[in-house]
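Below are the chains, spelled out letter by letter.
Protein chains: 2
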Amino acid sequence: MSHVLILGGDGYLGWPTAMHFSARGYEVTVVDNYFRRNACTELDTGMLYQIPTLIERAQIWHEKTGNEIKVIIDDLAQPEFMRSLFTGNFKYQFAVNKKYTGIPETVIHYAEQPSAPYSLYNYKYADITLINNLRVTNNLIWAIRDYSPETHIIKLGTMGVYGTPNIDIEEGWLEVEHKGRKDKFLFPRQAGSLYHTTKIMDTDLEWFAVRMWDLKVTDLMQGPVYGVETDESNIDNRLKTIFNYDEIFGTIVNRFVVQSIVGYPLTVYGQGGQTRGYLNIKDTLQCIAASEKTPADKGELRIMNQIMETFTANELAELTKKVGDKLGYEVKIDHIENPRKEAEEHYYNPTYQGLQDIGVKPHYLTEAVMKRMFEIVGKYKNNIRKDVIFKGVKWQ
Amino acid sequence: MSHVLILGGDGYLGWPTAMHFSARGYEVTVVDNYFRRNACTELDTGMLYQIPTLIERAQIWHEKTGNEIKVIIDDLAQPEFMRSLFTGNFKYQFAVNKKYTGIPETVIHYAEQPSAPYSLYNYKYADITLINNLRVTNNLIWAIRDYSPETHIIKLGTMGVYGTPNIDIEEGWLEVEHKGRKDKFLFPRQAGSLYHTTKIMDTDLEWFAVRMWDLKVTDLMQGPVYGVETDESNIDNRLKTIFNYDEIFGTIVNRFVVQSIVGYPLTVYGQGGQTRGYLNIKDTLQCIAASEKTPADKGELRIMNQIMETFTANELAELTKKVGDKLGYEVKIDHIENPRKEAEEHYYNPTYQGLQDIGVKPHYLTEAVMKRMFEIVGKYKNNIRKDVIFKGVKWQ
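Order-wise, the sequence lines are chains A and B.
One rule links them: number in the working numbering = place in the first sequence (from 1) + 797.
One rule links them: number in the working numbering = place in the second sequence (from 1) + 797.
For reference, chain A alone in the conformation it holds in the complex:
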């Protein structure tokens, strides 16, 4: 049985990923320091529903499926703790079989502060974002170098690293011709937030590690994810992933659905021509699974753009309104002053073929898919706090 170690296993994507691999017969270990939960509490962001602790989740998972997800609660930014995961010099907080599972064949690295507005909230949160994200990545490449260079790292990046360039966005790399000579480089990156900038830096660290130490790394440049349910979360209601609907941790589609349900006008920033690539949470799981099955080679930094389709903010608002109106919600759309500094009309033509080439079959954001989101979120309508949706974090 292959062993998958998931860093950041308590998050919006981490926990569904853990269940996904566990359901398919993998040995799964999850690590988290509850950063996301604690930040939600500290910032009073609201959550659509309460979620059990990671230990309770693993217990419920075991009861319902007989499968084991081992849990460790600790801080991966600490080098010694990261290294202990490869030596067995730690204790599980939850495990059916307490014995060390051993060195993982695959590490899936989600253990980062994932919010752009959080990273620009103030200088303290900027510092936390920078330090957490880069230390975890650096600790990981060193631990892999020192203990297990054959282990495949799958890290989540973001499409946001590319910004909105005036040229087509390729999957990670660009052949450049200059004054009659040629070379191939990482695709140019220029991000729109400090969080996104840490993802540029993560890739720089990985690229260094791959060139120097011949590691195997897959970096998945993901767009904003939407959705609530996965096949595994449907087994028991308490297995659902964390769902934020505020400006700081809530991604745009999830947030628009919540806003529609409570009669809060959809907050489109500025003109709304901002185009981005999006994907369903079920496709995140497919992408990770396909990447695990076809690891990067030794000395390869494989970069794939993890989106399934692109929309402007206006298109997302219109779709949400169309579906919401049919369900009787009378959705309003507001164009508010853009708190971000970004182009509101721009060229955007990203390539995203790599993941489909290794077997991913996209789910698209159809009216039916959005209707299903309305149905699930609607059940928790009474939990939604309108006052925490918009905080007005400014980029400048």
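Hints are computed from structural coordinates only; laboratory data are not their basis.
Where hints are given, some of them may not hold.
Using C-beta positions, here's what the derived DEER-type ranges look like [unchecked claim]: (1) GLU947/A x ILE1173/B: 46 to 54 Å; (2) LYS1095/B x GLU839/A: 33 to 41 Å; (3) MET798/B x ALA1140/A: 41 to 49 Å; (4) LYS1191/A x ILE1173/B: 53 to 61 Å; (5) ASP943/A x TYR1144/B: 32 to 40 Å; (6) ALA820/A x ILE1133/B: 53 to 61 Å; (7) GLY822/A x LYS1095/B: 52 to 60 Å; (8) ILE857/B x LYS921/A: 38 to 46 Å; (9) GLU839/A x LYS981/B: 48 to 56 Å.
Now the stretches of chain A that chain B is said to cover, found in silico as 3 or more residues with beta-carbon under 8 Å [stated by the list, open to error]: (10) 929–935; (11) 1006–1015.
Because the structure is a prediction, the values reported are computed rather than measured.
Note that CB positions come from ideal geometry on N, CA and C, so glycine has one too.
Given the coordinates of chain A, assemble chain B onto it according to the supplied hints.
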């Protein structure tokens, strides 16, 4: 009188820079946490001569010239301390006039762990390098954003960020044409050490700050510096800058001169075709001074390549041998197994016109210049510890 704040004012370049500005009528404040000295002690790297503390140096400088350099000893990686420099909420460890000088017009940022071998010595030093370098830069851009967006930041980068690409190296930026469309990006970067990678990341942070907050930033991509004396250090022997000659903190020319003097064969790594750009420490001071006089515009990230000429490692070894032999040292050259992972023969054609365009007049590494280095270093021959020169830190 313009006020210059120097972060990392105790280092090889920081202290000469402080004296340079002080001698020219600027108000000068220096900050340092003695990282470099402490690391030299911890790693037992040896130093050509002992240097006074930063406070003693400032006292001697004041006695000899009547000029004041204010001194603060603290850790710039701490956000609150960095911010205190812009509010006056701190105490000087040395100052003639204890009153807060006020917000600086220019910040010169040298406060980074500057050694590639140190950054790859082990995972702990890698972590220290990453965290120190990035936190200081991030704390600085936030403090400037919050308290003084008009202040000009001059940061030292490194030519090492570019690596050895197969295309000509431009000064920071590259116009790219791709599938019939054009855009301008940061010149592609791919560094050969973790330290150099942190400098890539510094530039990413600055570029973010410039785009979002309209800061004024000059990033100087410097090559390895050589030399001992500056006009100001000649005022009193105790004002000389720190001089390392080991593999970790000693730059190649300085190290080769020391090795020649004690009969330690020059350690050329591999074939010795590695080409880099170099400059005299006096030219570092010229470059910083010229940059201060012509600040970057608001919202401009100005990047200049701070080298005056290029040499292969073999050429430097041959020059050192030629000068050393004339002085009777019988210099030997050893081609040792390369501890680094780098191309030993490669294309290298960097542009470096920007600093000369703003008035810098290069000193070149002539036989006379090197002979003078031999003379100065020769006075301290008895202090040189042959056993600490080469530690064999491996990149892999």
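Verification of the supplied hints:
For GLU947/A and ILE1173/B, the hinted distance range of 46 to 54 Å is satisfied, since their beta carbons lie about 51 Å from each other. A C-beta distance of roughly 34 Å is found between LYS1095/B and GLU839/A, which places it inside the suggested range of 33 to 41 Å. Between MET798/B and ALA1140/A the Cβ separation comes to about 42 Å, which falls inside the hinted range of 41 to 49 Å. Under the hint 53 to 61 Å, the C-beta atoms of LYS1191/A and ILE1173/B, about 54 Å apart, fit the expected range.
Separation of ASP943/A from TYR1144/B is about 33 Å and conforms to the stated range, judged on CB atoms against 32 to 40 Å. The hint said 53 to 61 Å for the Cβ distance between ALA820/A and ILE1133/B, and at roughly 54 Å that hint holds. A hinted range of 52 to 60 Å for the beta carbons of GLY822/A and LYS1095/B is consistent with their spacing of about 58 Å. Judged by the Cβ atoms, the range 38 to 46 Å given for ILE857/B and LYS921/A holds: they are separated by roughly 39 Å.
The hinted window of 48 to 56 Å between GLU839/A and LYS981/B is violated, with their beta carbons roughly 40 Å apart. A stretch counts as covered by a chain when three or more of its residues have a beta carbon under 8 Å from one of that chain; for the segment 929–935 of chain A and chain B the count is 3, and the coverage holds. Interface restraint, the segment 1006–1015 of chain A with chain B: holds (3 residues with C-beta to C-beta distance below 8 Å; minimum three).
Checked against the numbered hints listed earlier, the structure breaks hint 9 alone; every other hint is satisfied.
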